[in-house]
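**Student:** Chain by chain, the residues run as shown.
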Amino acid sequence: MIKQLIFFRAAPTFTKMSEIPYEEAIILVFDGLSPYFIRNHMERLENFSKLAERGFFGELISNIPPITVSCAASFLTGASSEMTGIFDFRRFDRLGLKEGELVFANKVGIPTVIDLANELGFSIGVFNVPFISPPFRVRKGFIVAGFPLSKASRFAYPDSLLEELRKYELGPEVNVPHELSEESLRKPLEDMYQRWKLFLRLRETYRPKLSIVWLSEIDHISHFAWDNEDLMTIAYQKADNILGEAMDLLKKDRKSLLLVASDHGFMNFDGSFLINSFLEKRGLLSLKRSLKTRFKRMFTKLLLGLREGSKSVGGMTWRESTVTRLVKKFLLSRDDVNLDESIAIGIGPLTGYCLIYLLKYSDSDLVEVVDALKSESYVKEVLVDPGKDGPDLIVHLEDGLACDHFMPWSPDHLRPALKALKGIHHIKGVFGLWGKGVVSCPDFKVGIEDILPTALAALGLPVMNTAEGRIRFECFDFETQIRQNIQKINLWKFKVRRKVKELKRRYSPIRD
Amino acid sequence: MEDRVTISIPRALYERAEKWVNENEDFSSVEELVTFLLREFVSEESGEVYSPEEEEEIKERLRRLGYI
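Which chain is which? The protein sequence lines are A and B, in order. So in the numbering used here the end of the first sequence lands on 519, straight run, no missing numbers. So in the numbering used here the end of the second sequence lands on 164, straight run, no missing numbers.
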């Protein structure tokens, strides 16, 4: 009797299968698009304006540090860098104190949406997503890799598509010149538009249920022209045109959902914080006392004096040539660090975050380094043990400062910004929604790891249980339907695979 | 059918594996689990995808943006 009663009361919910609101979702990512720039120029960006008025336009919180490779991994897995373990463009070899192999977003040891599509058999389109590395397989759909691959790589799947794309002039390379003008901006923006057109063609052919389309040009342009409002406005207007086309597309396909996002935003580059100079000054990092190291210190200082305020000795502005390779031999490097007498070292990409590794981890070392950093007024926050495979500490600097991990060369650890770079990544990116049933969400910020689970749930597809992002139900009229259809999937094989791979990694040095 | 051989593993380990298989529906037997694990372990990784020249080109593109 009780059972019957419960059944009777529960029946209206469970007997009626809820309708899945969307049949297709397109995640359109403009790399590096800043929500602040858009808000400040809304009157010149009609489609973003329309998105804000009739759909949803808000902010996205990126990974720490906000680098494209970890962000691409988050879009593919629904997990943050804490879980994917990507904090840098290269794996860090703690024992050898050196950067190891390049990191790719689709090789993170947890299931990606490509694995999910292969497992469930739905069609997927991964277009121009950066830092994905072949070989890959997809049962239904297509994969086209983006930056930093070139046309010479196996950058697309299936092979028939690769052959076709190789005939095109436009490959995965992003060609944005350092010196930008209205004239030289035209070509990269046209490339961006052509990529979008190419995606539309592939969409027609492969009919993906879920697409991730990534356009990298805005990021590269922002690096070199962030201080030029006119040029940046032209670039953003091109992104706005593409957004307009995507929104129009959905007018015809009423059961499609558009998720617009950027992996991070941009901010001014006002100065550099030389983390290793700082650590040396505080007695936390020591250089060797050999004649060679002393000579290199002098040479580095002399060279930087000659190039004061203009160029960096850290990689960026130094094209690898015979001459630069020779010059670099005489510059301080990690080989000059006295490991026995050092406590900490900074190694990582040029962002507003310093990645710090403790050489002989102990609680007292940790406290000493954290205290030293916290005493600096421009340090906003120090994160301890931010995630697996990550550094021991991440230092968040005040806006405008970038952490330069170049070896110590000067007692002055705060330096003017490098002239070659005008903008650096900011943790806040863009998130927007467009489609039937999208409501103006409450004022909230979406995490980068939320995008994929939200898209999957809107399509009525299961979400991998390794995806830690939240499904943002509150942005849809169909909230109830989406909630009722939500399923989690345990792609156990991948867990085992990850464990086995970890084992392989652990034992391989012994085997070798 | 594939030619098969018999291997021996510690009984206690077998029993733990059997318990795990019974609790997880995805493998039908310990044999299937062991075969899967071994296959994963001995299978080659995706292998060298890039030639040294290609890898240097990739690094050059990353250097250009201050990424490495």
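Keep in mind the hints are simulated off the structure, nothing from the lab. Please note that a few of the clues may not be correct.
[Stated by the list, open to error] Part of the chain B face toward chain A, derived, beta carbon under 10 angstroms:
{"#": "1", "residue": "103"}
{"#": "2", "residue": "105"}
{"#": "3", "residue": "155"}
{"#": "4", "residue": "158"}
{"#": "5", "residue": "163"}
Beta carbons: idealized from backbone N, C-alpha and C, even for Gly.
**Student:** None of the hints should be skipped; say for each whether it holds.
**Tutor:** Hint check:
1. The interface hint given for residue 103(B) is broken, as the beta carbon of that residue sits about 17 angstroms from the closest beta carbon of chain A, more than 10 angstroms.
2. The beta carbon of residue 105(B) comes no nearer than 16 angstroms to any beta carbon in chain A, farther than 10 angstroms, and the hint placing it at the interface is violated.
3. For residue 155(B), the shortest C-beta to C-beta distance to chain A is roughly 7 angstroms, which falls under 10 angstroms, so the interface hint holds.
4. With a cut of 10 angstroms, the hint placing residue 158(B) at the interface with chain A holds, because the nearest CB-to-CB distance is about 6 angstroms.
5. Because the smallest distance between the Cβ of residue 163(B) and any Cβ of chain A comes to about 5 angstroms, under 10 angstroms, the interface hint for this residue holds.
The structure fails hints 1, 2 (numbered hints given earlier, in ascending order).
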